[in-house]
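Peer 1: Below, each chain spelled out in residue letters.
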Amino acid sequence: MDNFITSLLGENILTFVLVTVPVIAFVAVFALYAVLGERKISAWMQNRVGPNRVGKGGVLQTIIDGLKLIQKEFVSPIRADKYIFNLAPIIVFTAAFMGFAVIPFSSIFIGADLNLGLFYFFAITSLGVIGLMIAGWSSNNKYSLYGAVRSVSQIVSYEIPTALAAIPVVMLAGSLSMQTIIHEQAGGILNWYIFGGPGAISKLILFPFMLTSAVILFISTLAETNRTPFDIVEADSEIVAGVHIEYSGMKFAMFFFAEYAQMFAVAAIVSTLFLGGWQSPFGDLIPFLNNPWIQFGWAISKGLLLVFVQIWLRWTLPRLRVDQLMTVCWKFLIPITLIDLFIIGLYAVL
Amino acid sequence: MPELTTILFYIFAFITVGFAIIVVSTKNVMYSAVSLFMSLFGIAALFLLLRADFLALTQVMVYIGGILVLLIFGIMLTTKITDAEIKTNNLSYIPAAFFTTGIFVILIFVLYTTKWNQKTPIQNEETISQIGKALLSSYVLPFEIASIVLLVALVGAIMFSRKK
Amino acid sequence: MFSDYGQIFVFMLVAIAFVLVAFISAIILSPRKPNISKDATYECGEDTVGDTWLRFNFRFYVVALIFIIFDVEIIFLFPWAVVFKELGMFAFLEMVVFLFILILGFVYAWAKGDLVWDKPSPIIPKLDRQIFKAD
Chain P
4 MDNFITSLLG ENILTFVLVT VPVIAFVAVF ALYAVLGERK ISAWMQNRVG
54 PNRVGKGGVL QTIIDGLKLI QKEFVSPIRA DKYIFNLAPI IVFTAAFMGF
104 AVIPFSSIFI GADLNLGLFY FFAITSLGVI GLMIAGWSSN NKYSLYGAVR
154 SVSQIVSYEI PTALAAIPVV MLAGSLSMQT IIHEQAGGIL NWYIFGGPGA
204 ISKLILFPFM LTSAVILFIS TLAETNRTPF DIVEADSEIV AGVHIEYSGM
254 KFAMFFFAEY AQMFAVAAIV STLFLGGWQS PFGDLIPFLN NPWIQFGWAI
304 SKGLLLVFVQ IWLRWTLPRL RVDQLMTVCW KFLIPITLID LFIIGLYAVL
Chain A
8 MPELTTILFY IFAFITVGFA IIVVSTKNVM YSAVSLFMSL FGIAALFLLL
58 RADFLALTQV MVYIGGILVL LIFGIMLTTK ITDAEIKTNN LSYIPAAFFT
108 TGIFVILIFV LYTTKWNQKT PIQNEETISQ IGKALLSSYV LPFEIASIVL
158 LVALVGAIMF SRKK
Chain L
25 MFSDYGQIFV FMLVAIAFVL VAFISAIILS PRKPNISKDA TYECGEDTVG
75 DTWLRFNFRF YVVALIFIIF DVEIIFLFPW AVVFKELGMF AFLEMVVFLF
125 ILILGFVYAW AKGDLVWDKP SPIIPKLDRQ IFKAD
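Protein chains in written order, with this note's numbering: chain P, 4 to 353; chain A, 8 to 171; chain L, 25 to 159.
Certain hints may be false.
Simulated pairs of lysine to aspartate or glutamate, EDC-like, Cα-Cα distance not exceeding 20 Å [as the list claims (entries may be wrong)]:
| hint | chain 1 | residue 1 | chain 2 | residue 2 |
| --- | --- | --- | --- | --- |
| 1 | A | K140 | L | E110 |
| 2 | P | K59 | P | E41 |
| 3 | A | K122 | A | E133 |
| 4 | P | K85 | L | D63 |
| 5 | P | K206 | L | E110 |
| 6 | L | K136 | P | D326 |
| 7 | P | K75 | L | E110 |
Everything labelled a hint here was simulated from the structure, so no lab data went into it.
With the rest of the complex left out, here is chain P (with noise of 0.2 Å):
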């Protein structure tokens, strides 16, 4: 545990539930400005003026739909599996939450720093699909299980070169920790692992290799959490909604939240894994952009730049269809990962 909460107050059980206290409230906080900078940048991309009337600028817009979203009546459609029904949110907002325990958000504060930090992270967001599932299944509308089979296939397919994007790190920083990855990429920017990690200058000729794995980290994890070009889950053109269709009020806005918390949780694994996570670009030529607290801002605003991205590419980008989606992970990056594991394999043994 290195938290500066837990160095400030010990080992004990209120510690522990303060330690989530920042946490949440990040995800809380982030949830409903990341769905207003959606608007706003679609906005902005498409000519628009995007929400400007709540606040200034339109800055409470989000807020205020969450004020909305918690008056709006608890409803449960009559055809539907209530226990089920009411569960699903709860399994796909914990899973998604239980994800930021291991985001390090500097070298003094993350959740857990567990040895098996990485294996944990996906494991966990494999529950989310339970999650989905049930939903799917529980509504008892053909749009809800149609969504839901297909988010779901869409989502284990994508787990794999998720994962085997993910090892050539493990494979260079030797351990699954996920701050003693970022460590390991300590010392400026040509130490971060897309350009190869630590080492001599030789390194250098792993970056193609190490871009390819960050950037099918990247697409599979963008598929990982149904943003579109990946969005046939929600498709609305096709099935409206999908697993979301019969939520409403605050069991909607519990898979909205779900969703939010993903995009970042992902963005900063992709940031912690191959762009340095908290670590300062200058390294040691600006000793004070390494201080604990500005790291902090180091991971938070790489996490947010990848993020934009996702955003970017949302309202960029059309929707794939079922087969495309299938051949790209299972006849594009699934082979292209292992070529990558092999050949970064044998450079880091010779």
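Take the given structure of chain P and dock chains A and L to it, following the hints.
Peer 2: Frame of chain P, contents of chains A and L only:
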């Protein structure tokens, strides 16, 4: 006041066994699947209490993220099921009771007659590198055979699914 | 390690508590006026016909099956990736053999066409003459 780990053990054991009972006793297949989810989760927590963190996460990843997904897929894909027919059949109590009692007796017998190797709990925290080293040195053959087993499973699964 | 997983457990409890607090506050604050059309299954304004559980394309199931095999393979890859640098060339070759055997199965599935999904075949009407003539 018992230790915290002991309390947690009983909580998770209760979750595991309780939901396992629901899995076999409920009449709705989907409730079985959800209970199985909770039960497998409880097992993962029990592994953690035994300090087998890699095993626990593998449990979550393979059993919950893989096999349970396949099970629920199976339920969803089964055609011609309506609310009435998606029920398990709780027939043949007597043979089932007979067999399970038999197995229970055998297991208890094995439990009490085996000379268990008592080992002090391993304090080393890094289980994964130990597993990796063991897998690549002492257990090379099982490791490679595992890949052949997986290959057979893959081909078999494809063959089965192709039969319409 | 123990306290770390304890922390994870607390994360889980906090997440569940967060959802429950949101639900309970919604239940307290929201009105409760159920009616038949509100609680009916949504199908774009139509009444639903027949069962919800329809036959799916079998490929979804095949994909899930292949996924499990690969999932297990990845489980083996993680411990290998952590230690293979210490163990050197031999460990690397072991994994190459392991993956090769699995890739055989993958290639088999690929060659036999189990990874091919039905492509849409839109019927594009052909015209005998050009409607818009270029100037």
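Peer 1: Take the hints in turn and mark each one as holding or not.
Peer 2: Hint-by-hint comparison with the structure:
1. A:K140 with L:E110: This hinted pair holds, its Cα atoms lying about 9 Å apart.
2. P:K59 with P:E41: 17 Å, holds
3. A:K122 with A:E133: The hint is violated at about 28 Å.
4. P:K85 with L:D63: Measuring from Cα to Cα gives roughly 12 Å; hence the hint holds.
5. P:K206 with L:E110: Judged against 20 Å, a Cα distance of about 18 Å means the pair holds.
6. L:K136 with P:D326: 16 Å, holds
7. P:K75 with L:E110: Answer violated: P:K75 to L:E110 is near 58 Å, above 20 Å.
The structure shown violates the earlier hints numbered 3 and 7.
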